[in-house]
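Q: Protein chains in written order, with this note's numbering: chain A, 6 to 489; chain B, 6 to 489.
None of these hints come from the bench; they were simulated from the model. Fair warning: there could be bad hints in the mix.
Copies of one chain are not kept apart here, so a pair can be met inside one copy or by any two copies together.
Said to hold, decoys possible - Derived lysine to aspartate or glutamate pairs resembling EDC-like cross-links, with alpha carbons at most 16 Å apart:
hint	residue 1	residue 2
1	83	27
2	486	148
3	16	34
4	468	11
5	468	81
6	57	112
7	76	155
8	119	90
9	367	403
10	100	148
11	100	30
There are 2 protein chains.
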Amino acid sequence: MAHFPDNPVFKDVLRLVRLQGDIGDLEIEGEVPAELNGAFYRVHPDPQFAPKFEDDQFFNGDGMVSMFRFKNGRIDFKQRYAQTDKWKLENAAGKALFGAYRNPLTDDEAVKGKIRGTANTNVLVHAGKLFAMKEDSPCLIMDQNTLETEGYTDFGGDLDIPTFTAHPKIDPDTGNFCGFGYSIAGPLTREARYFEIDPAGKVVRQANFTVPYYTMLHDFSIAGDYAVFNVSPYTSDMSVLERNMPHFIYKRDLPFYLGVMRRDGDGSDMRWFKQEPSVCGCHVMNAFQEGTRIHLDLPVSETTSLPFFPELDHPWDPAASTTWLTRVTVDLGSNTDEIASMEKIGVMPGEFPRIDDRMAGKAYRHGWMITYDFDKQYNGPPGPFAGVLNSLTHYDHESGEEKSWWCGPDSAFQEPAFIPRSKDAAEGDGWLVALIDNHITNYSDLCIFDALHVEKGPVARAKLPVRLRQGLHGNWVDGSKLAA
Amino acid sequence: MAHFPDNPVFKDVLRLVRLQGDIGDLEIEGEVPAELNGAFYRVHPDPQFAPKFEDDQFFNGDGMVSMFRFKNGRIDFKQRYAQTDKWKLENAAGKALFGAYRNPLTDDEAVKGKIRGTANTNVLVHAGKLFAMKEDSPCLIMDQNTLETEGYTDFGGDLDIPTFTAHPKIDPDTGNFCGFGYSIAGPLTREARYFEIDPAGKVVRQANFTVPYYTMLHDFSIAGDYAVFNVSPYTSDMSVLERNMPHFIYKRDLPFYLGVMRRDGDGSDMRWFKQEPSVCGCHVMNAFQEGTRIHLDLPVSETTSLPFFPELDHPWDPAASTTWLTRVTVDLGSNTDEIASMEKIGVMPGEFPRIDDRMAGKAYRHGWMITYDFDKQYNGPPGPFAGVLNSLTHYDHESGEEKSWWCGPDSAFQEPAFIPRSKDAAEGDGWLVALIDNHITNYSDLCIFDALHVEKGPVARAKLPVRLRQGLHGNWVDGSKLAA
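Pulled out of the complex, with its shape left as it was, chain A reads as follows (with noise of 0.2 Å):
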């Protein structure tokens, strides 16, 4: 019988959702434009079963995808569980049988061993099939139009590592898939690789590299020739695990590093440039380079921004944990191992920074934030986070212009994703699809928002009759990618 805890986790703003279902022609309001084809994926946690301990974390639960299929102007939503190892274990037993997240130790005997990955972090359509992803396992496959899982892939074995990245990057030039996998020896190993797999699925390239310290490796980019590692102060040790505490603890007294290496390479060029004090940045915007230069766009706070990772030695301080958009700058010529400069780019605060794809890893003006308006009337339960995202901005950064919509007083903001006009448009010329979550009414909306003029509104809305898990990242596919 499901008695989930009685703590925010589960209730209010992180009610559970668990239902797999269908619902067909969603009911909409305003218009949906005709030339949208193609499908918008994302994923949320939500455990299958009652959790093994009433702390476990909201990044515990069994990823549950949902798709929207835009063709004709008529949308259909599907949503399935990742039916990861982990899920299949537990259905056939009818209970959870692994235990806190991110720790071993915890897991009933029975699955010691067995791949722990829940699939609930990112979702993205390449080589054919929906990639569902979680830093800490491989890469599980799903059908990327009945959303079947087929299972977890080592790529025919060329890739032989443990995890995989759940922020892989698209190169625009190649299509190829750039990700990384980190700990690939071990749990708590500081080993690393970068990879990328070209548009038929082969893996063509790999380079080992080695973070500064144990660390969440949760985001990177390309720019350029370069791929560039973020890394914030979270991090852990097998004492944690064996006292079954939050697997992340964040040391503010460790450095915030970026590294930058060559994605032909070997890994052997790897430099990692420090900034002490340390600062928080998880989710990167972009990245390019500019001469011997390389820019690193991302939401930075001055402490952790993840209340459920917490300092020990200091209290969660909401204003610290608020995120900026913050352009971080190494200078490849340079003999320092310091960040160059890191230069505040964004006036609204933030996460969940998008572009126009099509940009990634190369110079760029259009990005979008779904922000926090401290300024706004909030009449819902309180958040998990610092505030409420509830209002999207577009950052123009060649006019240095914001523009921003506000969702209302009983309602935030998921994560949006970036929709061509069509193949060849201008950059950011297109749509943002962003779901927005009603606290109150417990409805979510999928709104269509003409992503240079957000301030506008949505110009569509398609309703949902349940209100889906606060998610973590999606990703749209264009038609031509999903069979007949």
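Take the given structure of chain A and dock chain B to it, following the hints.
A: Quick look at chain B alone, frame taken from chain A:
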């Protein structure tokens, strides 16, 4: 693109769901009695596509069947459309092809003559299948475990009539499914047939009869050896269909009738007893024989209780539409065609009457309805009926006692079903299950009550992440009738 009409039939309390899906191991508040092994099925109307007419009727929606499977204290939820011929034709076309409720004149040419049924009124397991029923069309067969639709049946050719009631009764002695079809000679006709289907699915009795005027012959009862039919003055004619008005109009000048015939005869013994001035009574609690007298208990109002089947010459009157539990008695030993008496036997007004189904057609003690406590506060949007069915009431016909439980200011009940504690438990000893819909949070809970102590409130709630649409009817089936 699904643009539903902007009126109360499609929003607020009646917001659509349209979701086919599954949730394993529902989140539970309290403890589900471990001995509960079986399934509760229920159905609501839920249009697959936006209707052809802005003033579409609530009753015109495609049947959406929900199943709550109980076993070992765990409850699994499954929901599927009753995939009628209409559903399949429209699904293939991607839009509505059939027109207004019970009006074939409004259908697209392409579907003229096809079965119009929506299977949206009641679901019950008999002869190893789930029967999904709508009174204007044949019986739809679904798999009782998977909810996959098998299709319409005429019971091996034995039941050659185009209609099949949505309000059967199961004879507790023989296990026979007792039912009827009306308008069996075509839309608007007065010809009807009583039939019984044995536990193996064989039609074992059939008897034709004629109703006094064309009417919505919605429910009936068995009473020992008799079948009893209640006729309220809902009627129609071709001019109503030609003008595309609501199919049924209420004419208070027509009498209310009770028809009584032997179940084992050929229908020629049918006697119609009348009541003038007329009343309105749709759903039967139970009926039984006492010497030469037949008693039928049902909620009765002065005039139409269904605002969408209006009177043309009188405005809708919420007070006169309120339904009180009433015992209607006729005497087969008399020479009169008048109803002998009508006696109010309940204080709390309400609808959706239920009994311990093992007492169907027998003298009985315990009944339940969901009821209107007009004195209680209500915070939600207006409901579709005379008030909000905010309470559950147990009527003890022996002691005359009534006990009620109010579900709070934000919520409303859907129809309950009774579950005996064991096969041989005394009458009323067991559980009631009923959905409670919260109109503010938009969540439904399936609630479990001790049937003889409903005033104590639910012993457990199975929590859905969605609010099911206002439903019609449903039934419990014991686990022994479900394949392993």
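Q: Checked against the structure, which of the hints given earlier come out wrong?
A: 7 and 10
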